[in-house]
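Just so you know, we're using UniProt numbering here: the sequence shown kicks off at 1 and counts up by one.
These are computed hints drawn from the structure, not numbers from a lab.
C-beta atoms are modelled at their ideal positions from N, C-alpha and C, and glycine is treated no differently.
Just so you know, not all the hints are guaranteed correct.
[Claimed, not checked] In the EDC-like style, the derived pairs of lysine to aspartate or glutamate whose C-alpha atoms are separated by at most 20 Å in a straight line are:
1. K200 to D190
2. K200 to E233
3. K200 to E237
4. K200 to E162
5. K83 to E201
6. K200 to D84
[As the list claims (entries may be wrong)] Pairwise CB distance ranges, derived in the manner of DEER restraints:
7. D88 to A168: 33 to 43 Å
8. R140 to W101: 10 to 20 Å
9. R274 to Q129: 34 to 44 Å
10. R272 to S131: 36 to 46 Å
11. K200 to D88: 21 to 31 Å
12. P163 to G28: 37 to 47 Å
13. Q53 to P217: 32 to 42 Å
14. S131 to R274: 37 to 47 Å
15. N81 to S205: 14 to 24 Å
16. E233 to A208: 18 to 28 Å
17. Q157 to N81: 16 to 26 Å
18. A87 to R272: 14 to 24 Å
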Amino acid sequence: MTAYAIGDLQGCHAEFVELLERIDFDPGRDRLWLAGDLVNRGPESLACLREVQGLGDAALTVLGNHDLHLLAVARGGARLNRKDTLADILEAPDREALLDWLQSRPLLVRQTFAGQGETVMAHAGLLPQWSAEEALGLAREVEMRLTSESSGAFLEQMYGNEPSCWQASLDGIDRLRAIVNVLTRMRFIDADGCLDFSAKEGLDSAPAGFAPWFRYPRGDELRLVFGHWAALEGCVEGARVRAEALDTGCVWGGSLTALNLTTGERIGVPSRQRR
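Between the sequences and the hints, there should be enough to build the whole structure, so can you do that?
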């Protein structure tokens with residue numbers, strides 16, 4: 001068995017299929033970790049959802065901010081944005097089954113790989129203040145709410161930049177929103193673990209007093225696999241933790257990347273998108 005982690009699909013179904021062929025993926029033998037954002041911005045979000053769901057237990061995906069946006073639009077009363085490409089899902093005959101499946105996905109996964117040690121994947125990354133065990137527990141709080149009878153009310157209140165700083169004493173919707181923001185939206189933070197939501201480009205766009213989350217040291221040897229930040233182009237320059245950036249901007253004309261989680265080898269296919 002070989003396990004691969006793949007960056008943000010964002011509706012790039014043709015590239016996903018090509019990448020699976022390139023790595024000779026066999027769902028009866030191999031496993032996939034998908035870093036979230038299966039949908040939106042690209043041309044075939046519905047096909048991506050169906051493809052990943054169809055892989056069953058061979059594919060493990062975490063929720064990204066675009067996946068949560070789809071759920072918020074479909075089930076939380078949020079509005080579509082001008083650049084969204086989610087209409088094919090919202091109008092699909094199997095819409096509810098796909099949304100049920102997506103809503104039951106985790107926000108964080110953890111496994112130990114031979115020669116690589118303990119590996120955690122979250123869409124955006126992990127606060128340096130959080131241990132793997134703590135992060136799993138916090139992610140589980142959100143996952144339980146997403147699968148509860150009150151999920152619609154949560155999706156209605158999920159959006160927002162406040163609170164921008166994580167504190168263990170947070171409760172209610174503030175606590176859940178802060179967890180979601182760390183795991184699905186984080187890029188730049190300060191030394192206290194406060195998030196900046198304004199800067200979304202490369203490393204040189206960091207606001208004063210902020211740095212990429214992976215430039216803050218941790219007290220462990222955890223390997224952190226993440227997507228979300230296409231402007232990094234797969235590089236984590238100056239990282240002070242073991243970090244692997246997987247979003248190489250397929251939907252923006254870059255490439256789609258798979259990481260062999262045991263050997264560390266990267267395999268990519270070029271984007272077919274024109275931007």
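Checked hints:
1. Taken as a hint, the K200 and D190 pair is honoured in the structure, with Cα atoms around 15 Å apart against an allowance of 20 Å.
2. Of the pairs offered as hints, the one joining K200 and E233 holds, with about 13 Å between alpha carbons and a cut-off of 20 Å not exceeded.
3. At roughly 16 Å between alpha-carbon atoms, K200 and E237 fall within 20 Å of each other, so this suggested pair holds.
4. The straight-line distance between the Cα atoms of K200 and E162 is roughly 17 Å, inside the 20 Å bound, and the hint therefore holds.
5. Simply put, K83 and E201 have alpha-carbon atoms about 18 Å apart, close enough for the 20 Å limit, and the pair holds.
6. The suggested pairing of K200 with D84 holds, with an alpha-carbon distance near 18 Å, which does not exceed 20 Å.
7. At about 41 Å, the beta-carbon gap between D88 and A168 stays in the expected band of 33 to 43 Å.
8. Here the CB-CB span from R140 to W101 is close to 18 Å, well matched to the stated 10 to 20 Å.
9. For the hinted restraint 34 to 44 Å between R274 and Q129, the CB-CB distance of approximately 41 Å keeps it satisfied.
10. Evaluation of the 36 to 46 Å hint for R272 and S131 yields a pass: the beta carbon distance comes to about 40 Å.
11. A hinted range of 21 to 31 Å for the beta carbons of K200 and D88 is consistent with their spacing of about 26 Å.
12. Separated by about 45 Å at the C-beta atoms, P163 and G28 satisfy the suggested range of 37 to 47 Å.
13. Evaluation of the 32 to 42 Å hint for Q53 and P217 yields a pass: the beta carbon distance comes to about 38 Å.
14. Separated by about 43 Å at the C-beta atoms, S131 and R274 satisfy the suggested range of 37 to 47 Å.
15. Look at N81 against S205: about 22 Å separates their beta carbons, and that is inside 14 to 24 Å.
16. Checked against the hint of 18 to 28 Å, the pair E233 and A208 passes, with Cβ atoms roughly 24 Å apart.
17. The beta-carbon spacing between Q157 and N81, approximately 18 Å, falls within the hinted interval of 16 to 26 Å.
18. Between A87 and R272 the C-beta distance comes to about 20 Å, which sits within the given range of 14 to 24 Å.
Checked against the numbered hints listed earlier, the structure breaks none of them; every hint is satisfied.
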